[in-house]
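Chain by chain, the residues:
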Amino acid sequence: DTEVTQTPKHLVMGMTNKKSLKCEQHMGHRAMYWYKQKAKKPPELMFVYSYEKLSINESVPSRFSPECPNSSLLNLHLHALQPEDSALYLCASSPDRIHTQYFGPGTRLTVL
Amino acid sequence: GNSVTQMEGPVTLSEEAFLTINCTYTATGYPSLFWYVQYPGEGLQLLLKATKADDKGSNKGFEATYRKETTSFHLEKGSVQVSDSAVYFCALSEDPGAGSYQLTFGKGTKLSVIP
Numbered sequence: 001d002t003e004v005t006q007t008p009k010h011l012v013m014g015m016t017n018k019k020s021l022k023c024e025q026h027m028g029h030r031a032m033y034w035y036k037q038k039a040k041k042p043p044e045l046m047f048v049y050s051y052e053k054l055s056i057n058e059s060v061p062s063r064f065s066p067e068c069p070n071s072s073l074l075n076l077h078l079h080a081l082q083p084e085d086s087a088l089y090l091c092a093s094s095p096d097r098i099h100t101q102y103f104g105p106g107t108r109l110t111v112l
Numbered sequence: 001g002n003s004v005t006q007m008e009g010p011v012t013l014s015e016e017a018f019l020t021i022n023c024t025y026t027a028t029g030y031p032s033l034f035w036y037v038q039y040p041g042e043g044l045q046l047l048l049k050a051t052k053a054d055d056k057g058s059n060k061g062f063e064a065t066y067r068k069e070t071t072s073f074h075l076e077k078g079s080v081q082v083s084d085s086a087v088y089f090c091a092l093s094e095d096p097g098a099g100s101y102q103l104t105f106g107k108g109t110k111l112s113v114i115p
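Chains as they are written, first to last, in this note's numbering: chain Y, 1 to 112; chain G, 1 to 115.
Hints in this document: simulated from the structure, not taken from any laboratory. The structure presented is a predicted model; accordingly, all values stated were derived computationally and were not measured. Misleading hints may appear alongside valid ones.
Here's a subset of chain Y near chain G, in silico, CB distances under 8 Å, partners left out [to be verified]:
# : residue
1 : Met15
2 : Leu45
3 : Phe103
With the C-beta cut set under 8 Å, the calculated list includes, among others, these residues of chain G facing chain Y [stated by the list, open to error]:
#  : residue
4  : Ser3
5  : Pro10
6  : Val11
7  : Gly43
8  : Leu48
9  : Phe62
10 : Glu63
11 : Ala86
12 : Phe89
13 : Tyr101
14 : Leu103
15 : Lys107
Ideal placement from N, C-alpha and C gives every residue a C-beta, glycine not left out.
Okay, chain G solo, but in the shape it has when bound:
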């Protein structure tokens, strides 16, 4: 079955530091890949996505590239801010053969950015 593995948190960085959150996946076919962000006390927000190999998703300074050869979709940001403190979920979407694309989530990585 499908699975998503992302680095265990929590991750604590100083403001303006470089961020990488690793995400690797296992899928039988050609999934779409997503990063969702959850701020404290809120629902999930779509941060970025990529639907095929070598696609780069980007939003709000965050980037991730769909790497089929390494089955990875690592999230990066060049300079984090305190407002980026949140839980980040990597996810994939693929039809398991039943005609229904379901999201498979990683366990989430909590990021704390300190001034």
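Just chain Y, same shape as in the assembly:
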């Protein structure tokens, strides 16, 4: 089983709202990732967690705040977003940082 789940599937939010995206995997993977994908572009890496510790932050604005409460769960907290933040947000996981990444279905975010 190589399933990564993400909720919600779609999210519409205003620029003053606070919302969270959730990602879950039960494969025992110890690395988890957040990517942002704009239309007709490849995914761009935002954050990497390894063994529940943030190991990479690709210069992402502070209005995006990741959290890894346990080894199966990864959250992305959103606050004061801009319309240009509208995109597909993808979560991925891998057994550790050197192995194949498996992606979730994504959350389609629209910021009004």
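Keeping the supplied structure of chain Y fixed, place chain G upon it in accordance with the hints.
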């Protein structure tokens, strides 16, 4: 730095046609190579992978061979179906020296298969 170049799309084929999507890469060491597929409105799915030279990855009728001498990982399928219509991403994974293997993606190739 690492980079992946894949053929520009879109590619439009008739059902049962032969598919080739070219992918070449630049890397400093010995990367692992991947093809991911993204169906409309969905996330990325791993299609196949190869971790060393001359390895052939295969899945669902798709194949790609890791060619170190030509730094290529071309995707092929002998007979495409309408259900293969999607965007295909070639990617590599290599440790840039910081102990973290990150994926480097190509720009993606959109395939449309018509009946």
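Hints, verified against the model:
Interface restraint check: Y/Met15 against chain G, minimum CB-CB distance 25 Å, threshold 8 Å, status violated. For Y/Leu45, the interface hint holds, the least distance from its beta-carbon to any beta-carbon of chain G being 6 Å, beneath 8 Å. Of the supplied interface hints, the one on Y/Phe103 holds, with its beta-carbon coming within about 4 Å of a beta-carbon of chain G, less than 8 Å. The interface hint given for G/Ser3 is broken, as the beta carbon of that residue sits about 12 Å from the closest beta carbon of chain Y, more than 8 Å.
The restraint placing G/Pro10 at the interface with chain Y is violated, with a minimum CB-CB distance near 10 Å, outside the 8 Å limit. Contact between G/Val11 and chain Y, as hinted, is not supported at the beta carbon level, the nearest pair being about 14 Å apart and thus beyond 8 Å. Given the 8 Å rule on beta carbons, the hint for G/Gly43 holds: about 4 Å separates it from the nearest Cβ of chain Y. This hint is violated: G/Leu48 has a C-beta 10 Å from the nearest C-beta of chain Y, more than the 8 Å allowed.
Here the hint on G/Phe62 is broken, as its CB sits about 16 Å from the closest CB of chain Y, past 8 Å. The beta carbon of G/Glu63 comes no nearer than 18 Å to any beta carbon in chain Y, farther than 8 Å, and the hint placing it at the interface is violated. With a least beta-carbon distance of about 13 Å to chain Y, the hint placing G/Ala86 at the interface is violated under the 8 Å criterion. With its C-beta approaching chain Y no nearer than about 6 Å, G/Phe89 sits inside the 8 Å limit, and its interface hint holds.
Restraint check, G/Tyr101 versus chain Y: the minimum CB separation of about 5 Å is within 8 Å; hint holds. Annotation: G/Leu103 was flagged as interfacial toward chain Y, and the flag holds, the nearest CB pair being 6 Å apart, inside 8 Å. A distance limit of 8 Å between C-beta atoms decides the matter here; for G/Lys107 the minimum to chain Y is near 6 Å, and the interface restraint holds.
Of the numbered hints listed earlier, those contradicted by the structure are 1, 4, 5, 6, 8, 9, 10 and 11.
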